[in-house]
Amino acid sequence: MDVFYQQLINGLSLGGIYALIALGYTMVYGIIELINFAHGDVYTLGTFFSLAILTGLGVSGEVHGLALVGVVLVTMLAAMLLCGITGVLIERLAYRRLRNAPRLAPLITAIGMSFILENVMQLWKGPSPISFPAVIPNPSFQAGGVEIAAKQILVIVLAIVMMVALQLFIRNTKMGKAMRATAQDRDAAQLMGININTTIAMTFLIGSALAGAAGFVSGVYYGTTWFFNGFEAGLKAFTAAVLGGIGNVAGAMLGGFLIGLVEAFATQYIPQGAQWTNVVVFSVLVLVLVFRPSGLLGEAVPEKV
Amino acid sequence: MNPAVRRSLRFVPLLLLPLVPLVDHNNSHIDFLANAGAFILLALGLNIVVGFAGLLDLGYAAFFAIGSYSYAMLASQQFGIHVPFWVMLFAASGIAAIFGILLGAPTLRLRGDYLAIVTLGFGEIVPQTFLNLSQYTNGPNGISSLDSPSLFGHRFGFSATPYFYVMLGLIVIGVLLASNLQNSRLGRAWMAIREDELAARHMGINTTAAKLSAFALGASFSGLAGVAYAAKLDLVSPDQFQFNVSVLVLSMLVLGGMGNIPGVIVGSFALSFINSFLLPQSTNLVHSIGLTWIDFTDYRFMLYGVILVAMMLFRPEGLIPSRQRRAELREALTDPGISAQEQTEYEGAAR
Chain A
1 MDVFYQQLIN
11 GLSLGGIYAL
21 IALGYTMVYG
31 IIELINFAHG
41 DVYTLGTFFS
51 LAILTGLGVS
61 GEVHGLALVG
71 VVLVTMLAAM
81 LLCGITGVLI
91 ERLAYRRLRN
101 APRLAPLITA
111 IGMSFILENV
121 MQLWKGPSPI
131 SFPAVIPNPS
141 FQAGGVEIAA
151 KQILVIVLAI
161 VMMVALQLFI
171 RNTKMGKAMR
181 ATAQDRDAAQ
191 LMGININTTI
201 AMTFLIGSAL
211 AGAAGFVSGV
221 YYGTTWFFNG
231 FEAGLKAFTA
241 AVLGGIGNVA
251 GAMLGGFLIG
261 LVEAFATQYI
271 PQGAQWTNVV
281 VFSVLVLVLV
291 FRPSGLLGEA
301 VPEKV
Chain B
1 MNPAVRRSLR
11 FVPLLLLPLV
21 PLVDHNNSHI
31 DFLANAGAFI
41 LLALGLNIVV
51 GFAGLLDLGY
61 AAFFAIGSYS
71 YAMLASQQFG
81 IHVPFWVMLF
91 AASGIAAIFG
101 ILLGAPTLRL
111 RGDYLAIVTL
121 GFGEIVPQTF
131 LNLSQYTNGP
141 NGISSLDSPS
151 LFGHRFGFSA
161 TPYFYVMLGL
171 IVIGVLLASN
181 LQNSRLGRAW
191 MAIREDELAA
201 RHMGINTTAA
211 KLSAFALGAS
221 FSGLAGVAYA
231 AKLDLVSPDQ
241 FQFNVSVLVL
251 SMLVLGGMGN
261 IPGVIVGSFA
271 LSFINSFLLP
281 QSTNLVHSIG
291 LTWIDFTDYR
301 FMLYGVILVA
311 MMLFRPEGLI
321 PSRQRRAELR
331 EALTDPGISA
341 QEQTEYEGAA
351 R
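Note that the protein sequences, when read in sequence, are chains A and B.
Just so you know, we're using my numbering here: the first sequence kicks off at 1 and counts up by one.
Just so you know, we're using my numbering here: the second sequence kicks off at 1 and counts up by one.
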């Protein structure tokens with residue numbers, strides 16, 4: 001049973017990272033119905049930015065006490081800001097002109113942006129995996145036979161805090177209201193005096209900033225990254241967003257944790273499971289899309305004609 | 001002169017293609033042409049799915065993998081089965097088509113972008129499965145020393161020339177098939193689905209059957225290309241069929257012009273040329289003048305990315321567009337404010 005609980009914890013912390021990425025997918029899809037294919041690479045870029053910032057701060061190992069809080073906050077916020085700006089630039093450059101084009105056109109540019117970002121990161125740090133400093137000291141807590149690492153708690157708590165903050169933002173602020181209106185009917189929103197360009201840019205800013213946060217914690221969590229990391233993680237996070245019901249913030253969170261659990265348990269309980277996790281996760285994606293395309297928490301929306 | 005005759009005159013230079021190996025004895029050039037031929041076949045097949053029927057398939061390399069692995073498993077020492085190459089061409093395109101239907105059947109209800117993601121997932125699952133089933137496929141090492149095809153007792157061996165002719169023959173068949181399909185009842189059904197699926201269904205088109213046949217036919221081209229490519233390379237391994245192959249073929253379509261057969265061929269050839277000739281040669285050139293830190297081949301993915309983004313933004317119909325596709329894409333870009341003059345232009349173009 002200990003193995004089960006251990007994998008439960010592992011799955012939840014993996015899922016926390018997927019959930020943070022999935023929030024960005026779900027927000028962007030919710031507002032402009034685009035699968036932002038480059039989002040996974042913005043997440044990897046978040047790890048790369050964090051690494052550069054840590055190097056700039058001269059941090060290469062564990063940090064303790066107040067300095068730890070400072071380093072974590074500064075690095076994460078800076079990575080979030082940089083990723084947010086990247087996201088806004090991508091939208092401005094590659095998607096805005098195609099807002100009224102056939103749906104597949106922006107999807108194709110999104111794939112193009114993804115390849116460009118991957119190539120940029122490859123040129124920046126080379127094609128091999130790179131190591132990420134273990135900033136956070138790693139005391140682990142024993143609960144029964146289960147070991148919980150500090151960084152696992154960080155991931156799970158961060159994901160939940162971000163989700164709640166995002167939910168409050170969307171529910172209660174004027175910009176959040178504008179986002180919901182734009183998602184519902186772009187033309188009507190514009191007629192009501194909402195600046196949809198700003199609103200959509202804001203969506204990209206927030207979504208990409210969350211990916212930046214995910215990038216930072218994944219660096220800390222795995223201690224390594226490489227330029228192609230975002231492809232697989234992005235696909236899994238997208239699966240999470242679809243599983244939860246795309247466009248639904250709480251759904252993205254739920255889907256993220258579920259995908260993390262699926263991955264952890266598949267690794268444990270399927271013979272040679274580590275080789276098959278991707279196959280399992282993508283099979284989940286196919287099954288959800290085929291049998292319940294609206295996801296667990298989403299409502300079935302008839303296609304707009 | 002009769003316009004039809006004049007149009008076909010443009011293709012006369014193509015008749016010179018079979019003479020290339022007789023003039024150019026450099027095996028590496030013929031080798032390049034044969035490889036480019038395989039990608040032209042892939043592009044022709046993907047064009048049926050993406051260009052004609054408007055279904056974005058991001059896992060097209062999976063069918064390429066299925067074709068290649070069928071040849072590798074059924075015509076090598078791997079299981080001691082030796083099916084002749086020519087039979088395998090048919091068999092593998094059939095196998096790939098079956099997988100196309102298997103993938104298509106449950107997913108066709110999905111909207112365009114969801115379909116794209118599911119095909120992408122499929123494209124990831126297939127090579128991963130070949131990698132994992134190492135007792136049958138030798139895992140990451142792949143399967144090597146495949147049977148060399150032979151014709152009238154003449155074995156192909158390692159020379160690229162016979163493969164050049166095989167590819168050329170397959171492309172000719174592929175082009176004839178694709179262009180006849182395009183003008184058939186089925187081809188018009190695809191076009192109708194691409195432009196407006198709901199309207200197409202209301203006009204009595206069996207959209208499910210039409211989409212499934214697009215998937216199956218597209219996949220069968222890929223199966224053909226897979227067999228010929230595997231036989232030529234004498235090796236298959238899972239890393240030949242990654243996502244970037246699917247994106248490379250998609251870039252070929254986007255560059256040349258989705259839905260237009262000459263455009264697709266030109267786009268495909270141009271990208272192959274850039275990939276295997278221009279980038280390495282220009283790298284050699286700058287290395288020879290002392291700039292050894294520059295390697296243009298490192299920018300390959302950037303190139304695909306820039307092609308996809310720039311073409312979709314500035315010339316979504318491709319360099320050599322099909323008229324209809326151009327009208328669809330352009331109209332959408334300027335919608336809703338189409339000026340009267342443009343409107344007549346489009347109508348003229350569409351006619």
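No lab work stands behind these hints, which were simulated from the structure alone.
Incorrect hints may have been included.
What the hints assert, rightly or not - The following label-pair restraints were derived from C-beta to C-beta distances:
id	chain 1	residue 1	chain 2	residue 2	range
1	B	N284	A	G126	52 to 58 Å
2	A	V3	B	D298	53 to 59 Å
3	A	Q142	B	Q77	41 to 47 Å
4	A	Q142	B	L291	38 to 44 Å
5	B	I294	A	V161	43 to 49 Å
6	A	K174	B	G204	47 to 53 Å
7	B	G204	A	V290	52 to 58 Å
8	B	T208	A	P137	55 to 61 Å
9	A	R96	B	I289	48 to 54 Å
10	B	S184	A	F291	51 to 57 Å
11	A	L89	B	F273	48 to 54 Å
Glycine included, C-beta positions come from ideal geometry on N, C-alpha and C.
Is it true that the C-beta distance of T208 (chain B) to P137 (chain A) lies inside 55 to 61 Å, as the hint says?
Holds: the Cβ-Cβ distance is about 58 Å, inside 55 to 61 Å.
Please check whether K174 (chain A) and G204 (chain B) have a Cβ separation lying inside 47 to 53 Å.
Because 49 Å falls inside the window, the suggested range holds.
Could you check the hint for me, namely that R96 (chain A) and I289 (chain B) are 48 to 54 Å apart, CB to CB?
violated, 41 Å
Holds or violated: 41 to 47 Å for the Cβ distance of Q142 (chain A) and Q77 (chain B)?
violated, 54 Å
Go ahead and decide if the range 51 to 57 Å is satisfied by the Cβ distance of S184 (chain B) to F291 (chain A).
violated, 34 Å
Could you say whether the range 38 to 44 Å given as a hint is met by the Cβ separation of Q142 (chain A) and L291 (chain B)?
violated, 58 Å
Could you tell me whether the CB distance from L89 (chain A) to F273 (chain B) stays inside 48 to 54 Å?
violated, 32 Å
N284 (chain B) versus G126 (chain A) beta-carbon gap, inside 52 to 58 Å or not
Since N284 (chain B) and G126 (chain A) have Cβ atoms about 22 Å apart, the given range 52 to 58 Å is violated.
Return holds or violated for the Cβ distance of G204 (chain B) and V290 (chain A) against the range 52 to 58 Å.
Since the Cβ atoms of G204 (chain B) and V290 (chain A) sit about 26 Å apart, the hinted range of 52 to 58 Å is violated.
Looking only at beta-carbon atoms, does the pair V3 (chain A), D298 (chain B) fall within the given range of 53 to 59 Å?
Given range 53 to 59 Å: violated, Cβ gap about 44 Å.
Outcome of range test on Cβ distance (I294 (chain B), V161 (chain A); 43 to 49 Å):
holds, 46 Å
Hints 1, 2, 3, 4, 7, 9, 10, 11 from the list above are not met by this structure, while the remaining hints are.
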